[in-house]
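Going down the list, the sequences are from chains A and B.
The opening residue of the first sequence carries number 1 in our numbering; numbering runs sequentially from there.
The opening residue of the second sequence carries number 249 in our numbering; numbering runs sequentially from there.
Incorrect hints may have been included.
Unchecked claim - DSS-like cross-link-like pairs, simulated, lysine-lysine; straight-line CA separation at most 25 Å:
#	chain 1	residue 1	chain 2	residue 2
1	B	Lys-326	A	Lys-24
2	B	Lys-360	A	Lys-24
3	A	Lys-24	B	Lys-362
To be verified - So, partial list: chain A residues that the calculated Cβ filter (under 7 Å) puts toward chain B:
#	residue
4	Thr-115
5	Glu-116
6	Gln-117
7	Asp-119
8	Ala-120
9	Ile-123
10	Met-124
11	Gly-125
12	Val-126
To be verified - Beyond 10 Å from chain A on every Cβ pair, some chain B residues (computed):
#	residue
13	Gly-261
14	Ser-284
15	Val-290
16	Met-314
17	Asp-317
18	Leu-363
19	Asn-377
20	Asp-417
21	Met-446
22	Trp-465
23	Ala-487
24	Lys-493
Simulated from the structure, these hints should not be mistaken for laboratory data.
The beta carbon of each residue, even a glycine, is placed where N, CA and C say it ideally should be.
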Amino acid sequence: MLKVFSQLGEYLLLMHQVFKRPEKFRIFHQQTVKEVESIGLESLWIVSIISVFMGAVATIQMAFNIDTPLIPKFTIGFATRQTVVLEFSPTMISLILAGKVGSRIASEIGTMRVTEQIDALEIMGVNPANHLILPKIAASIFINPILIIISMVLALLGGWLVGISTNLVTTTDYILGLRAFYQSSDIAYALIKTGVFAFLITSISGFYGYRTRGGAEDVGKASTKAVVQSSIFIILFNLILTQLLLND
Amino acid sequence: MIEVNHISKSFNGNQVLFDITTRFTKGRNNLIIGRSGSGKTVLLKCIIGLYTIDDGDILYEDKSLMAMDFESRKNLRKEFGTLFQGGALFSSLNVEENVMFPLTMNTDMGNKEKLDRVNFCLQRVRLENANKLYPSQLSGGMTKRVAIARAIALNPRYLFCDEPNSGLDPSTANVIDKLINEITEEYQITTIVNTHDMNSVMEIGDQVAFIHEGHLWWEGSRDDILQSDNKELNDFVFATELTRKLKR
Chain A
1 MLKVFSQLGE
11 YLLLMHQVFK
21 RPEKFRIFHQ
31 QTVKEVESIG
41 LESLWIVSII
51 SVFMGAVATI
61 QMAFNIDTPL
71 IPKFTIGFAT
81 RQTVVLEFSP
91 TMISLILAGK
101 VGSRIASEIG
111 TMRVTEQIDA
121 LEIMGVNPAN
131 HLILPKIAAS
141 IFINPILIII
151 SMVLALLGGW
161 LVGISTNLVT
171 TTDYILGLRA
181 FYQSSDIAYA
191 LIKTGVFAFL
201 ITSISGFYGY
211 RTRGGAEDVG
221 KASTKAVVQS
231 SIFIILFNLI
241 LTQLLLND
Chain B
249 MIEVNHISKS
259 FNGNQVLFDI
269 TTRFTKGRNN
279 LIIGRSGSGK
289 TVLLKCIIGL
299 YTIDDGDILY
309 EDKSLMAMDF
319 ESRKNLRKEF
329 GTLFQGGALF
339 SSLNVEENVM
349 FPLTMNTDMG
359 NKEKLDRVNF
369 CLQRVRLENA
379 NKLYPSQLSG
389 GMTKRVAIAR
399 AIALNPRYLF
409 CDEPNSGLDP
419 STANVIDKLI
429 NEITEEYQIT
439 TIVNTHDMNS
449 VMEIGDQVAF
459 IHEGHLWWEG
469 SRDDILQSDN
479 KELNDFVFAT
489 ELTRKLKR
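Okay, chain A solo, but in the shape it has when bound (with noise of 0.2 Å):
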């Protein structure tokens, strides 16, 4: 128990050096825009094809299981988009962003930690909790939103695929499910969802990069625990924000 409030203390105090005013706002703005490509346009493939095959699983489940003529068939379409919308686009997709960068970030950190170039960055005297990890929050509270936005789009579109090519719905009955009951306060929900995990992925895995000490092996379980972690809080996070955000 000890060890969780010393880590904690840790991340805060961390927390507290990274959100200091930039050195150079012009370099803070370049790393940012760096970062959203690696973080975030190199991860849009990844994306696109886990969106658009859940999309398609998604309505398949939906129109196995509501199989029977007292529900409308549109409610295939409304059921995957609530699917979608609510919780695989911004959770599932979250969580596989906190492997792919989660751990790019923990061992690009920690790599530079146990070559000595986060000291030479200090000894510059340059602020490197700042240099490194504040443009990595701001990057991906900026750029996962969007793939998120993407990714939904395109569940909804695997959807809609499926579904008309194995006959399991139409495209009238589809699109009329997708507009059904529809309240944008649920896309409000999704992207304050997004902003929350992007900020506890990066957050986290920069704080296990950071706090690497030792080799190579050392790098790897901090690139382990920066993934791990981050997909547990994002789950408790998932369940927090859905209790304050949906309960009116």
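Based on the hints, put chain B in the right spot on chain A.
Just chain B now, with coordinates in the frame of chain A:
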């Protein structure tokens, strides 16, 4: 001048440095020698403020490092040039960007001015035409020379070198020693070099401090070493049959 007054340092109850007092003079090569694990690197990292000391004080031109606030420390560090054991070059930046980095972060120089300074520093370490190479494309000797170029980019008042010759062949090691010596004399800076390379000691050791099991065991010049009857120093310096024959 840098003064170290009665400093001690321990890690998790394991004391590494015991009551060390010495001074490092301007315009001279001040060498810290000792076996691996004797505490040389810890001492150097305490002097540059990467480790917080348990007791004692470190004075830069009579100003206490311990009494400095975050900003004063940051400003002092802008006067540091540091050569880390592995070079600690930023792997994502090429040679030119690595040498330019401290200029970008700590000055308001324009691009042309910075590039001129980078080329001057690279010329100074005899590394012309390597501007666009990445650290992974450099040999050990080249890495050290780029690290020296980066260390002198801001015209430092203090130069710290941790094992500058580790992993280098004797001839390249000699080139690095001569470079450090030239830079120290030319710019009249206070240089501290951590080493266990006896060729370096004999080549550039104006003032030598021998650390043994965390204690300052002996101090003197390279000529004094030959006359000393200190057992631990002699065991360390004249460890091989060849050096013992040379002493006789």
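Status of the hints after comparison with the structure:
1. B/Lys-326 <-> A/Lys-24: This hinted pair holds, its Cα atoms lying about 15 Å apart.
2. B/Lys-360 <-> A/Lys-24: The given pair, whose Cα atoms are some 19 Å apart, holds under the 25 Å limit.
3. A/Lys-24 <-> B/Lys-362: 16 Å, holds
4. Thr-115: Since chain B brings a Cβ to about 6 Å from A/Thr-115, closer than 7 Å, the hint holds.
5. Glu-116: 4 Å, holds
6. Gln-117: Cβ of A/Gln-117 sits 5 Å from chain B, so the hint holds.
7. Asp-119: 6 Å, holds
8. Ala-120: 4 Å, holds
9. Ile-123: Holds - the Cβ of A/Ile-123 comes within 7 Å of chain B, reaching about 5 Å at its closest.
10. Met-124: At 5 Å from the nearest chain B Cβ, A/Met-124 passes the 7 Å test, so the hint holds.
11. Gly-125: 4 Å, holds
12. Val-126: 5 Å, holds
13. Gly-261: 17 Å, holds
14. Ser-284: Given that every Cβ of chain A is farther than 10 Å from that of B/Ser-284, nearest at about 16 Å, it holds.
15. Val-290: 13 Å, holds
16. Met-314: Check passes; 17 Å lies beyond 10 Å.
17. Asp-317: Holds, because the least Cβ-Cβ distance between B/Asp-317 and chain A comes to about 14 Å, which exceeds 10 Å.
18. Leu-363: The claim holds: B/Leu-363 sits with its nearest Cβ about 17 Å from chain A, beyond 10 Å.
19. Asn-377: 24 Å, holds
20. Asp-417: 22 Å, holds
21. Met-446: 25 Å, holds
22. Trp-465: Nearest chain A Cβ is 27 Å from B/Trp-465, so the label holds.
23. Ala-487: 27 Å, holds
24. Lys-493: 38 Å, holds
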